[in-house]
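Colleague: The lines below spell out each chain.
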Amino acid sequence: MSLEVTPRTLPLDGWHRARGARMVPFAGYSMPIQYEGIITEHRWTRERAGLFDVSHMGQLAIAGSGLDNALERVLPGDIKGLKDGRLRYSLLLDAGGGIVDDLMVTRRGDGFYLVVNGATKAADIEHLEEELPRGAVVDHMREQALLALQGPAAAAVLARQAPGVDALIFMQGGAFRLGDVPAWISRSGYTGEDGFEISIDVRHAEVVASLLADEPEVRPIGLGARDSLRLEAGLLLYGHDITRETTPVMAGLTFAIGKRRRAEGGFLGHERVLGELQQGPVARRVGLRVEGRQPVRDGAAVVDDEGTEVGSVTSGGFSPTLETPIAMAYVPAHLSTPGTPVKLASRGKVYAATVAPMPFVPTRYKR
Amino acid sequence: MPRYFTREHEWIEVDGSTGTVGITDYAQAQLGDIVFVEAPPAGTRVDQSKEAAVVESVKAASDVYAPASGEVTEANAALEAEPALANSAPETDGWFFRLTLSDPSELEKLMDEDAYKSFCASL
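So the protein lines, in turn, are chains A and B. Under this note's numbering, the first sequence is numbered contiguously, ending at residue 367. Under this note's numbering, the second sequence is numbered contiguously, ending at residue 123.
If we strip away everything but chain A, and leave its shape as in the complex, we get (with noise of 0.2 angstroms):
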């Protein structure tokens, strides 16, 4: 008997090997990790537009009645304030105050659309059904698929297949024609740069990837280069950066909760993220220079000088725009000044590092 499991395949599985991919397990799909180099790609995406698939994702149209203060119910965000067509970044937070995830909630019409993790969609749709009010009905949009397009020409690029998307502002969506096929096509995205995302039906996903790959701007760019553009951006990935044990004011989250909110609390978890909000929390997450040439990652430690572990690295690596190491670290709250300098431990290594302010790198939002 084996216990290994097999990766699912995605929509454009085979699309990507045609077009070089390597492909690795992730949120238990098998992806594209890289196509000709993670560095190139990055760069690519950064001077011209990367088309991302990020079909592994959670689509969720939630649809019934009272819908507004179902979900205030669930997240933290100003859902009441939230106008026609537009997005909100927005966490699924537990009883405690801890974050089951991060997610972008969109009101479409009468209802609401998500989009959340791949690796804790099936976790979420089930936090859903449990704490949303009977006539919420919670519906997994299977039969999407979910594509990003990012960079600097990303809007020149898909204006040309998709007329009027460049109207759009940032986190604001609509319907449009993509080619012959209908879209919800949103200008968001997970690069710091300006992009959209991209909601088509499975079926079409191969020509749609297609006709925008296809163009000169741009290329298509794996999950390696995903992470690192991310977090040049100071985005967080779930799991890492942010878990069920962070609270969205350790995280430095507080933009997600409305200012009515924290007023009038009444959302999962509030007795202890509005008790943050006031005294502050023990500690909270930082971006961090590293000094020298060497990546320190996930699962590193932060050490005081006489190396008890105080904290730790939850997401590093390589920035191939500024040429050093870059990470995010939990740090107790005395030491997330930026400009203290800390230290890490790893491997039996111990490095130099400064909290330094986030973004890494300036992003580029058309606002």
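Please note that the accuracy of each hint is not assured.
If you anchor each label on the Cβ, the simulated ranges turn out as follows [unchecked claim]:
#: 1; chain 1: A; residue 1: Val24; chain 2: B; residue 2: Lys117; range: 22 to 30 angstroms
#: 2; chain 1: B; residue 1: Glu91; chain 2: A; residue 2: Ala61; range: 51 to 59 angstroms
#: 3; chain 1: A; residue 1: Val282; chain 2: B; residue 2: Met1; range: 54 to 62 angstroms
#: 4; chain 1: A; residue 1: Arg17; chain 2: B; residue 2: Glu51; range: 51 to 59 angstroms
#: 5; chain 1: A; residue 1: Pro25; chain 2: B; residue 2: Thr100; range: 36 to 44 angstroms
#: 6; chain 1: A; residue 1: Asp94; chain 2: B; residue 2: Gln30; range: 48 to 56 angstroms
Over the 12 angstroms line for every Cβ pair with chain A, so calculated as not near, a few chain B residues [what the hints assert, rightly or not]:
#: 7; residue: Arg7
#: 8; residue: Asp15
#: 9; residue: Ser17
#: 10; residue: Asp33
#: 11; residue: Ser49
#: 12; residue: Lys59
#: 13; residue: Glu108
#: 14; residue: Asp112
No lab work stands behind these hints: they were computed from the structure. Where is the CB? At the ideal position from N, CA and C, for every residue including glycine.
Using the hints provided, position chain B relative to the given structure of chain A.
Modeller: Relative to the frame of chain A, chain B by itself:
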């Protein structure tokens, strides 16, 4: 000069009692973009099949094992300034370190080039 290979994708080229060690082209292709190499400094004692160097790609850190035991005489300084040499010239200018072999009979456990090629083809 004879060149030997390990199942962990290191190579060693032997000239008398001196060996030059690096990673193979197959290894660099698997690792992807290499951003850092830590080769052992001169004077380090290394043991066959034990960790001797660290190579960091954008993706992950990997240990490099010594193909044979001995004392390191030189680390490749060029790799410090340009780690990508280990991608572009893994089996020539991108060598990691040189050592004086303490037991040349250990080389008998390694593969020759043909055996290594068939080994890679079987992976």
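Colleague: All the hints need checking, so say for each whether the structure fits it.
Modeller: Against the structure, the hints:
Look at A:Val24 against B:Lys117: about 25 angstroms separates their beta carbons, and that is inside 22 to 30 angstroms. Hint check: B:Glu91 to A:Ala61, Cβ distance near 54 angstroms, so the stated range 51 to 59 angstroms holds. In this structure the supplied range 54 to 62 angstroms holds for A:Val282 paired with B:Met1, their Cβ-Cβ distance being about 60 angstroms. Between A:Arg17 and B:Glu51, the C-beta spacing of about 34 angstroms breaks the proposed range 51 to 59 angstroms.
In this structure the supplied range 36 to 44 angstroms holds for A:Pro25 paired with B:Thr100, their Cβ-Cβ distance being about 43 angstroms. With their beta carbons about 40 angstroms apart, A:Asp94 and B:Gln30 fall outside the hinted range of 48 to 56 angstroms. For B:Arg7, the requirement that its beta carbon stay farther than 12 angstroms from each beta carbon of chain A is met, with the minimum near 21 angstroms. Residue-level check passed: B:Asp15 sits 30 angstroms from the nearest beta carbon of chain A, beyond 12 angstroms.
At the 12 angstroms boundary, the C-beta of B:Ser17 stays outside the reach of chain A, the nearest C-beta of that chain being 30 angstroms off. A Cβ of chain A approaches the Cβ of B:Asp33 within 12 angstroms, the least distance being about 4 angstroms, so the stated non-interface status is violated. With a cut of 12 angstroms on Cβ distances, B:Ser49 stays outside the contact zone with chain A, its closest approach being about 18 angstroms. Annotated as non-interface, B:Lys59 brings its C-beta within 12 angstroms of a C-beta of chain A; the closest such distance is 6 angstroms.
Distance check on B:Glu108: its Cβ is at least 32 angstroms (rounded) from any Cβ of chain A, clearing the 12 angstroms threshold; non-interface status holds. Listed as a non-interface residue, B:Asp112 keeps its Cβ farther than 12 angstroms from every Cβ of chain A; the least gap is roughly 28 angstroms.
The structure fails hints 4, 6, 10, 12 (numbered hints given earlier, in ascending order).
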